[in-house]
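*Asks:* Listed below, chain by chain, are the residues.
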Amino acid sequence: MQITRDLSIWKGGGMGMFAGIDAPRQRVLKIYLRDPLGQNILVNEFDSRQQRLITAARIEPTDANFAALSENLLASRWVLNGEIVEIIRVDQSGARLRVPPEPFPGVSPVSDSLTTLPRTTLGNVWYPSEVRIEFWKFGYDAESSLLTANRIKVVEARQRGSGDQDGR
Amino acid sequence: MVADFYRRCRREVCATSPLDLASLLTILLVGFHGFNSWFVKLPSQGLIAVGLIFRDILKSWIFWALLAALTGSRIAVQWQDVDNHKFILFYWLLCMTLAHAVLDLELKQNIVLFNARFFLVFIMLAAVAQKLSSASYMDASFFEFELLFDRRFRGFVALFGIDSNIPVQARELLDLLKDPYIEVEGNTLQIAPGFGVPLLAKFVTWYDLAIQAVIGVAFLIRRHMSDLIGHIALLIFIVTAYFAAPVIGFAWTLIILGILLARERFPNMTMTYILMLVVTSLYKIPWAGWII
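Protein chains in written order, with this note's numbering: chain A, 1 to 168; chain E, 169 to 460.
If we strip away everything but chain E, and leave its shape as in the complex, we get (with noise of 0.2 Å):
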């Protein structure tokens, strides 16, 4: 029965076409992970809501060009503070807009299916080349302070059996540093990392920076096998990065680009980045707390 419905499930998504794949994908995107400013969300909640009763909506450029004009007005009001993935968003949304807007049906498919291997290849060489031009990453010194004083890897560090008193202990230090009514002599001080955290946060520094060069340039070859390497890699970049930092929308950005690139010639694999929205959504569950 469980056989059943999975064969059925991957026939259906498999038999619908990129465009309307992509703008199911798209709106479930919006609508969970999108901007939270009242201005951006309530309006695009409530276009998702006419979109999802009157499914034809979908098909309208002017619905897509809406989602964008509202995604894009949060990134005006302040770009600085806007995440990496809401850039991303927002342009793979005016993709949509452009997909939709032209009349000829494969070049509809075309632009969608072009735009989420592009995107891919260049979130993951960007990332790749500003790691390797950071000193700080270079040095594994990011993941240590990563691994030390940013409180979602406090789970992941216990993980590798790290004593938790180590970070607490740390993060009590930075926020003495941080805090502008207390002056610290020399404007420095010593902290006490362990045996455990260097060592792994080298192994991570060089786990992420490899994995991430090898989904891009394996996406950017555009060959059955490269294709392939690409989606494992990508699937396991999604299910280990994500669980130490969960930062969802981008994880789910991921997945829909993959969705798009394997549906056509590795269904049991998209069937799995399917099964990951589900598994990055688990993620936000506090289990952090549970086991420390």
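If we strip away everything but chain A, and leave its shape as in the complex, we get (with noise of 0.2 Å):
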């Protein structure tokens, strides 16, 4: 399964831990939701079913992991949090570049439950149109002592009757 799905050499009961640099927290998933304006939003916070879901696709990144995952972030609500991010770039020494940082809204998924919506909720709960889901793993070169992170995959989904799921 480490050939075949790209399991994680430390997870499936196969003594792999302490064998490689590929454990499961140096492989992430950046999650990006399209808004109704059209909006990309980068996502950093998951409800627990969807927690589960990514923890699944990142140590066993298969297309049928990335399906669930995406097919249950499309079917979520979600709700401007009140809070606003910003990216920020920086050089390979870690120094901040002079470019201005890229601000854009925070969003939380909705339960069914309304007791669990944000203490701060901006306008109505929305489902995103589409998801765009990027696989990461990090890796350490002790020759060159180079730290890098590699975008493995990247998975696309609509929802249904606006195009199909496109996996690269």
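Take these hints with a grain of salt, some might be off.
[To be verified] Simulated crosslink set (DSS-like; lysine-lysine; CA at most 30 Å straight-line): (1) E/346 <-> A/30; (2) E/346 <-> E/452; (3) A/153 <-> E/346.
[Stated by the list, open to error] Below, a sample of chain E positions facing chain A; criterion: calculated Cβ distance under 8 Å: (4) 246; (5) 304; (6) 305; (7) 312; (8) 350.
No wet-lab data here; the hints were simulated from the structure. Think of the CB as a built atom: it goes at the ideal place given N, C-alpha and C, for glycine as much as any other residue.
Using the hints, put the two standalone chains together into the complex.
*Replies:* This is the structure in structure tokens:
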């Protein structure tokens, strides 16, 4: 499964923990939702069901696991949570670049129970029209002492009727 | 007085049958280092409490089947994030169920002893195979990465006189790279590991691979001398590996398998393993914070 399904060497009962850098915590998903205004929003807050699907997709990044996650994200309602998030750019030494940060609104998932709505909510709840999931792995090369982030896979999915899922 | 106590304990342990010893040690393992999910932990601890009060229940295969089912249910819910030693715990509980289910007394003991050896050999040789086939392990990148970025190793690194600021600064850079709200130019960051970390990483890489290979091969051979070498190597591995990375549930699993294999022929080694149950638990003390 490590070869056919890119299962993390640390998991699956194969005794590969402490045998390679590719541990689950060195794998990250970046998830973008398209809101009703057509804006792509990077999401960093998920409910427990979404967290489980994210964990499964990180450790075993199969098409089926990404499809299950994108279906859930598209079927979930989201709301602006009042936060403003900024994308900051840094150079290879970690120093901040003189580029203005790119601000965008923060969003939270809305569970079926209204009691879990975030305290500060702005506007109506909405369903995303599109979801984009990026699968990243972090690595390190002892020879060059370089820490690297590699985007391994991108999956895009739209609401039913507006197109198919596209993974590459 | 201490010597008398030690001799009495050793006599008691060695007089206990492998299956009874395995039963007691396994409920300790499940009770202290089983799954933390509420739907496993609560009923498992309840079962164990009943088993400790009514000791005959520990001889029932139904008791072990229930413990195995509870542990297996957590694996079934999301197997992807389950640690390797929890899979071993599940398989071990199935062995305990089988050992308690059969009627033949000798077969009961043989099931426990055969599987203890099998799991020990499997754990060690599978780990060696994974490491040999992993490029990032074999070029020492993995341990350099762990020493720099894994907080669990910060005390270990400091013990070797390496400046504790080096891992701190490296971790800050990794956090930058992982932060979804930070874009890093070229998606690469330059680390300054200094001189000591790469050297220590190379040593740990080869030490870890060699000692696991020795343990696996020694217990596979099944001779008195090879078993003796295997037990010595396993004890050294437990003392050193879990000191650096305290995964105590895994340490206890290895200790239990070691006790079962040492019980008959190496009584002093058996007592050393039992001492290791205490020593490895002490590794959880946050000593790293005291020396940095």
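*Asks:* So, for every hint listed, does it hold in this structure?
*Replies:* Evaluated hints:
1. E/346 <-> A/30: holds, 10 Å
2. E/346 <-> E/452: holds, 28 Å
3. A/153 <-> E/346: holds, 16 Å
4. 246: holds, 6 Å
5. 304: Holds. Min distance 5 Å.
6. 305: holds, 5 Å
7. 312: Where the cut-off is 8 Å and the nearest Cβ of chain A is about 5 Å from residue 312 of chain E, the hint holds.
8. 350: It holds, given that the least Cβ distance between residue 350 of chain E and chain A is near 5 Å, below 8 Å.
Checked against the numbered hints above, the structure violates none of them.
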